[in-house]
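Engineer: One-letter residues, chain by chain:
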Amino acid sequence: MDIFNSLLRTLVSGICGLGADAHPMIGLTLISILTGIGMLWVFGKTSDQEAVSRTKKRLQAYLLEMRLFGDDISLVLSAQKKLITGNFRYLGLMMRPMLFLTVPLLLLLIHLDGFYGARPLPIDERAVVTLQAAGRLEANAPVPELLAPAGVHIETAGVRVMETGQVSWRIRAERPVEGSLTFRQGDTEWTKSIAAGEPFRYLSIRRVSGLWDALWHGGEDRLSEDQVEWIEIRYPAAEVPFAGIELHWLVWFFVISMLSAYLLRGRFGVTF
Amino acid sequence: MLDQKDVSGQKGRVIERFAAAAAGLCALLLPINCGGPVTNDVGKRIIVLGIDGMDPKFLERHWDQLPNLDRLRREGDFKPLATTIPPQSPVAWSSVITGLDPGGHGIHDFIHRDPYTRRPFMSMAETAAADRTLEIADWVIPLSSAEVVRHRRGEPFWPLLTAAGVPASIVRMPANFPPMGEGTRSLSGMGTPDMHGTQGTFTFFTDDPGREAGAVSGGRIVQLSAFHHSTELEIEGPVNSFRKEQPATSAVLTVNCDPEEPVVRFDLEDRSFILEEGEWSGWLRVNFPLIGPLQSVSGIFRVFLRQVRPRFELYVTPVNIDPTSPALPISMPPSYSTELADAIGLFYTQGMAEDTSALRKGALSLDEFLQQSHSVLDETRRMLRYELARFESGLLFFYISSVDQNAHMLWGRYDDELLEIYRETDKMVGEAMALIDGETTLIVMSDHGFERFDRAVHLNTVLLRTGFLTLDDPRNTGDAELFQHVDWSRTRAYSMGINSLYINRLGREEGGIVAEGEETEQTIAALREALLAFRDPDDGAQVIEELYVSEDVFETLPTEFAPDIIVGYRPPYRSSWQTPLGGVPGKTVVDNDEAWIGDHCIAPQYVPGVLLSSRAIALEDPGLPDVPVTLLKEFGVPVPEDMIGRPLF
Ligand SMILES: [Zn+2]
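Chain order of the listed sequences is A and B. Note that our numbering has the first sequence beginning at 1, numbered continuously upward. Note that our numbering has the second sequence beginning at 1001, numbered continuously upward.
Quick caveat, the hints were computed from the structure, so don't treat them as lab data. Predicted, not measured: the structure shown is a model, and the values here were computed from it. C-beta atoms are modelled at their ideal positions from N, C-alpha and C, and glycine is treated no differently. A few of these clues could be false.
What the hints assert, rightly or not - Have a look at the derived ranges for each label pair, beta carbon to beta carbon:
no.: 1; chain 1: B; residue 1: 1182; chain 2: A; residue 2: 101; range: 47 to 55 Å
no.: 2; chain 1: B; residue 1: 1232; chain 2: A; residue 2: 258; range: 41 to 49 Å
no.: 3; chain 1: A; residue 1: 243; chain 2: B; residue 2: 1217; range: 15 to 23 Å
no.: 4; chain 1: A; residue 1: 103; chain 2: B; residue 2: 1209; range: 57 to 65 Å
Said to hold, decoys possible - Only some residues are given here: those of chain A computed to face chain B with a beta carbon under 10 Å:
no.: 5; residue: 56
no.: 6; residue: 60
no.: 7; residue: 64
no.: 8; residue: 67
no.: 9; residue: 125
no.: 10; residue: 143
no.: 11; residue: 149
no.: 12; residue: 161
no.: 13; residue: 163
The following block holds chain B by itself, in its conformation from the complex:
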């Protein structure tokens, strides 16, 4: 009789609740004011909506369709906001976080490389296995918990606010995983992994024998053998770091198709749910056992029943970290993610929730991708509403991913669909505007804009053709990653990451050949000449607008992880998908025939962001590092000397 479990799978977390209640009670008994020094500006409020990828050109074309943004511009102010070199989101947001340029904060590209081995890694954060372990038979018991390594340098601005007694909520700030800042309410955003430790790995199950199975970028396609009415699907969880061979853990999702109707009953653990063809499930919670039932981790996912017959097709979202029982630190204080989930329901915790990979790989159609996108937008709106309703004083920073992720798939070709996303975002801006008063300022900002991405540049192949990179055999061009056939003893430069160009330096890279000083200078000069002169073989158009030498363009001298040169493409060009991981295909420039049709990883002057404010902006040429400096100044908190920004107002 005690075996009844609920439909949505929400089990009571008795102890946590009890602890939370006890903590709440204790807080009531304590004197209210137990923070640090309190400034006079605590009644003051600033809301910053960080809308990734909102483009000034698009706004100019559609003011009449975006009533709230239009009113904010008319009653307040609107200016383009200079972006970083290069205009990639982790790079740009790190400047917002630290008030430094990329030379200072050390995030230069989505992908960095180890200077010696040239091995790529995610610049935002990576999970490192526990450093001390105990091995018993097949089990590996971690003695210290696995931790997440953050590569960003510089101090975030919000701990300075909190230390001065200004409350701060930092919701979904990119490149802030694990979230920083004691005393802040903070939920991590872009850079937060899924339960696989990746930036999002979907699963697509199909019994279509024509579909190639295996890992694809951002997902995996699983070929099912033909089944009658029922079959069992394996939902992959995290690798079991407790086992020596580290197998992936998994949970079983049973599929029961009705013999005639296009409707399916799914059984997961002790629950069931039913979907018709073309329907999405809600969030499903699942436990992955690590050491038998003793230790398990919880994850959440949704499924989309794409088709029942003639071919069975099921899309499964990446398994996200469960905000009510997070396997990795995603919020500060740790109970904050649970509080949010209790208030608004379960939500995507992975950094970039819009599944652009599934659309690129044909696991979702454009229409289905838009459905998924709008459900992310729904969660975002609920979260913003919750935060606005409880916002009393200090700073509320709130990040919105939808415009950027959708613009990548819609820019220049599906204007109406993109406008719909802008409109939904405009409504959220309207909800924040309702709070504007004498004490409350609203800032709406983006990190960069957008351009078309029609032609893809295999930059390593350009280097090959211009004599800077040499292969062991000239016939060995192809998609092989990690410079498999590159002869380093005859290579002066290589490209890894989306905009990064490295000199193959003597004493830095393994087998590097270019000596420091004059030889490096000459190589850089030669590269500039060759790459700016490089033309698209199809129509003779200029491909690269500018090369930015790190040592010259940044105020702080960059670290060994920084690229020597940043490549500024001219639209509609961008580096190809093979370039970031060190591929050297045969052609130099090819058509971009992917679903990913808009981009911003180009020369910064083409893709500035936007800055809208409920107050007049005094600065003529505002840039990203000006935002944190302004926030500190507005709350009367001293600005650290190394921050390069200027106050906006």
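In isolation and in its complexed conformation, chain A is listed as follows:
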């Protein structure tokens, strides 16, 4: 799982990171167009192209029929019925390529959210980092020691929440940082990546130890020790600004990828 995540991470970081210093939209546009092309390719390979174009032609014919014989109620009704069944047929033909597309798209979205869903910690703002132990905390359990990289200030002692087994600290970045926090208890150490300052980059909000969790939180390799379930930094949620509008990256992504798939469908000889 770690290798798989790391591959996806490298891919997403590589493409989205292009021009990220100048504007996050550059990388986002690029990956959206590539996704559009990818969807076209998968669609072309996995759908019954002939059936799709036949069904589409028939649907157009039914529409024409309705317009031409608009005053003959029985003809219109029968055309309407054919139109509806044709529609279902069309949707049915879409099912197969959709099935092929779902899993890779989902994985891509998860990792894209790692890049665009949150911003690194803003300089001089308070943030919370939380360690979730596997199970409750014992009343006299020692607090793990937190070590921060230069530029990150640990502002409070760890707050132990006994019932949920969490320990939380307040931290503040004093300047741009790209490093890791270390949590030490006895001889055992855990680390968690941390980033502060501009620009957009691949962020791991939560580092997890579980295999299934790692599917959803693929920003870092899994924690090797199972005494800790996860370690989390609450990065601020982000929106991608463009032309004076700030929108969630997902909106830009869908608009651009759909648009590019539509515009390039002829070039790839794909009908949908």
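Once you've looked at the hints, dock chain B with the ligand against the given chain A.
Structural biologist: Chain B with the ligand in isolation, oriented as in the chain A frame:
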């Protein structure tokens, strides 16, 4: 993966942003000049800093510590500015807004009363429930939105400027809620309620069993049952006007105390923040559900972790209207408050942000109150900076509350602390002075000054002792509000509000007995004689300087809401806290042992305001209504005939 929310809780307001961007784009496509008629004076600029409660005596004592104000006085001019009768802020600022005296604008006191029922209400504005509603089961669906009723009469001066093509920004003008004036940039100030619809209700949570719980003036104390490490606190939102029984909405703030260290993690909605003992949080945004998740309103608040052990003590500010999603109209255009918040961060939107009530009720110490005060001052400074930076032409009016609110708690006893507030204000004056040039005038003004408030007068008890007010049983004196034991058939006068005295008139008040004409005249004469002769039982000092009869002192004949007489106390006297809501305690005059030690609701000659200007002031005896008249004249806009002011320059 899409569940990550930001630390400060700022969620994207996608649609609003999109709309704003679209509007901006449209504006670019339109020809630039689409306003009304344009005067020749558009390049001219006037900045007015309205500094509530800035006192001329205090300035005279501290010129050497206030370099900017001192330079403004030396290079420009400085005069005392006559205040209104009575010198209360809503009354005085209404004169600045309208160029009328209180008889004309109809705001006479913080508290007015219904002439028939004698029920008190806030004079500045009140929210009225929607007038048409549909009831389904437990739900009450408003068919027209709840509205805010404004009691002030007279026209504000700035719409006249805007109509003449002079841009105007009116930031935090008191008694301007909801803000008026199409085409103006305007943010409401004093009189803007919090999410409870009050002038500010703090909450103080404690597990100290010795602390009395319940509602107190300006707040509420909540007694927590002892808890181990974690507990849930209820942050009260607005009443749910969608429900028949109108319960208060609430949000849950979870407290997790570390078992040893004095540090707490708070969880609110899907966010967490951590405070050590003695620390303030930043602004927190919270949603209160009204109809399930379908309709909710947003509010903002801050918390102060006063103590973790041995007793847990948490102060929560009043829940303010969220400027980025205001539940009530607080700015003009509506997007202006969002623009400000985007530029300077979230800010107090309630009218008077300095929490004097929390200090009075012991929820904050003087030190903690000063911390809170300085954070308000910080927000004010950021807002002023933003407005100064974008100010190109026309009028910028900017109101500052800090001097007044702090002087109430510091006057005469904590001079250094008050001077610190004056110094910070002086710096803001300096930032505005940097803009002064041949085209730009700066006016710094206040609505009134300050005096000591050492002794509190139970005016209704004075009326009782002098035979103008009668109780059902003479033993029934006490703090009971709303004249509970007053026998109206044997009462000729009563006091409600801070300076207002009313004759119990036949045909006006319910069960009134004093007939119009000669009988009223006689009663007024008798009151004047008795009240001016009244002496402090402790040391025989005169308590009341003068009585002002509304019909005589105002140019416009006042309305039925106006008091018949305004009481001008002599310092260090003022009416007691029990008087404004109709209490009749046992004693006539008592020591003021509250934290509120300075005041200005007395005879106006003792508490004039200040007028500083970058240009020489021609008027010998300037007064508040002169300010709006001057502004109109300077921009070449005709002055309405009913305005009583004269040009300053
Ligand atoms: Zn005041």
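Engineer: Work down the list of hints and note, for each, if the structure agrees.
Structural biologist: We went through each hint and held it up to the structure:
no.	hint	in the structure
1	B/1182 with A/101: 47 to 55 Å	53 Å, holds
2	B/1232 with A/258: 41 to 49 Å	45 Å, holds
3	A/243 with B/1217: 15 to 23 Å	51 Å, violated
4	A/103 with B/1209: 57 to 65 Å	59 Å, holds
5	56	33 Å, violated
6	60	35 Å, violated
7	64	38 Å, violated
8	67	36 Å, violated
9	125	7 Å, holds
10	143	8 Å, holds
11	149	19 Å, violated
12	161	4 Å, holds
13	163	6 Å, holds
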